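Okay, so the sequence shown: first residue is 1 according to the UniProt record's numbering, each after it adds one.
Watch out, some of these pointers could steer you wrong.
Said to hold, decoys possible - For each label pair, taking beta carbons as the anchor points, the in silico distance ranges come out as:
#1 30 - 87: 37 to 43 Å
#2 168 - 271: 31 to 37 Å
#3 183 - 47: 40 to 46 Å
#4 19 - 57: 18 to 24 Å
#5 113 - 29: 33 to 39 Å
#6 19 - 221: 44 to 50 Å
#7 67 - 212: 38 to 44 Å
Stated by the list, open to error - Lysine-lysine pairs mimicking BS3-like chemistry, simulated, CA-CA at most 25 Å apart:
#8 179 - 71
#9 44 - 63
#10 7 - 18
#11 7 - 112
#12 137 - 93
Please keep in mind that the hints were generated in silico from the structure rather than gathered at the bench.
Since this is a predicted model, take the numbers as computed values, not measurements.
Glycine included, every Cβ here is placed at the ideal spot set by N, Cα and C.
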Amino acid sequence: MEGAIIKKILNNNVVIAKEGNKEFILVGNGIGFDFHKENIVPSKRIEKVFVRENTEIDNNYDKVLETIDNKIIGISEEIICMAEMDIGVKLSKPIHVSLPDHINFSLRRMEKKIKIENPFLNELKVLYPKEYSIASKALEMINVRFNVELPQDEIGFICLHIKAAIEESGIGTQLEYTKKIKDIMDLISNLIGRTLHKDSLEYARTLTHINFMLERILTGKTVNNLLLDTIKDKFSKEYAIAIKLSLKIEALFSVRVPEDETGYLAVHLKRLSDI
């Protein structure tokens with residue numbers, strides 16, 4: 001990109017620029033440092049380009065520019081850039097509005113000493129490890145840049161924003177799915193009659209298995225459980241619990257859980273019971 005002219009500097013690493021009739025969000029190390037409005041952006045400093053178009057999302061972005069501090073918008077664009085580079089996919093446009101809005105809201109809550117807990121932190125860490133890792137880096141960036149100590153719960157919220165942008169779905173969709181997974185894990189705890197340690201390896205394995213199981217069921221993939229009869233015989237107690245669990249999953253997701261999948265659930269329940 002040659003000849004892009006700076007229209008607004010959000011921070012040292014993010015600027016809004018124009019080339020011809022097109023407007024862009026440009027991200028790069030030091031791209032806004034020691035430059036001024038109407039300066040030409042050095043192409044060698046550009047690491048990421050987000051094209052702005054005349055859409056509802058871009059119109060909403062204009063409102064964000066008017067109402068939210070430039071530093072917050074700037075760090076949001078840095079986080080989006082980092083996420084796209086780390087994951088290797090382009091995030092959907094709404095995150096350019098939703099993420100700065102969320103960060104702005106979080107910083108205001110911090111000022112007013114209002115704390116909002118994220119009850120799905122452990123589930124999100126297991127379900128979306130890449131997104132969670134990026135969100136963890138993002139929180140560190142925010143805390144350092146704004147000299148604050150936002151709680152670890154924020155990792156979960158930022159993780160949801162990133163995941164929603166990858167899937168091109170609303171954050172509410174991701175939150176609802178995560179809540180259902182947590183409900184399933186809580187039901188397992190009740191059915192086996194013991195508190196599950198959320199940091200344990202078996203908890204993570206079981207949660208991951210349920211996530212992949214649902215992915216198979218929702219996409220029409222099947223598995224053949226050659227040990228099903230043995231599982232029914234050797235783990236009869238766990239299999240009975242797995243049937244109840246399967247019925248709950250069917251009710252939550254409006255699907256049918258095949259008997260072969262119920263058998264594999266029983267194996268994980270046995271492992272949890274033996275911890």
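How the hints compare with the structure:
1. 30 - 87: 37 to 43 Å: Violated - the Cβ-Cβ distance for residue 30 and residue 87, about 24 Å, lies outside 37 to 43 Å.
2. 168 - 271: 31 to 37 Å: holds, 36 Å
3. 183 - 47: 40 to 46 Å: Taking Cβ atoms as reference, residue 183 and residue 47 lie about 41 Å apart, which means the hint holds.
4. 19 - 57: 18 to 24 Å: Holds - the Cβ-Cβ distance for residue 19 and residue 57, about 20 Å, lies within 18 to 24 Å.
5. 113 - 29: 33 to 39 Å: holds, 35 Å
6. 19 - 221: 44 to 50 Å: holds, 46 Å
7. 67 - 212: 38 to 44 Å: holds, 42 Å
8. 179 - 71: violated, 32 Å
9. 44 - 63: violated, 30 Å
10. 7 - 18: holds, 7 Å
11. 7 - 112: violated, 33 Å
12. 137 - 93: Holds: residue 137 and residue 93 sit about 21 Å apart, inside 25 Å.
When the structure is compared with the earlier hints, violations turn up for hints 1, 8, 9 and 11 and for no others.
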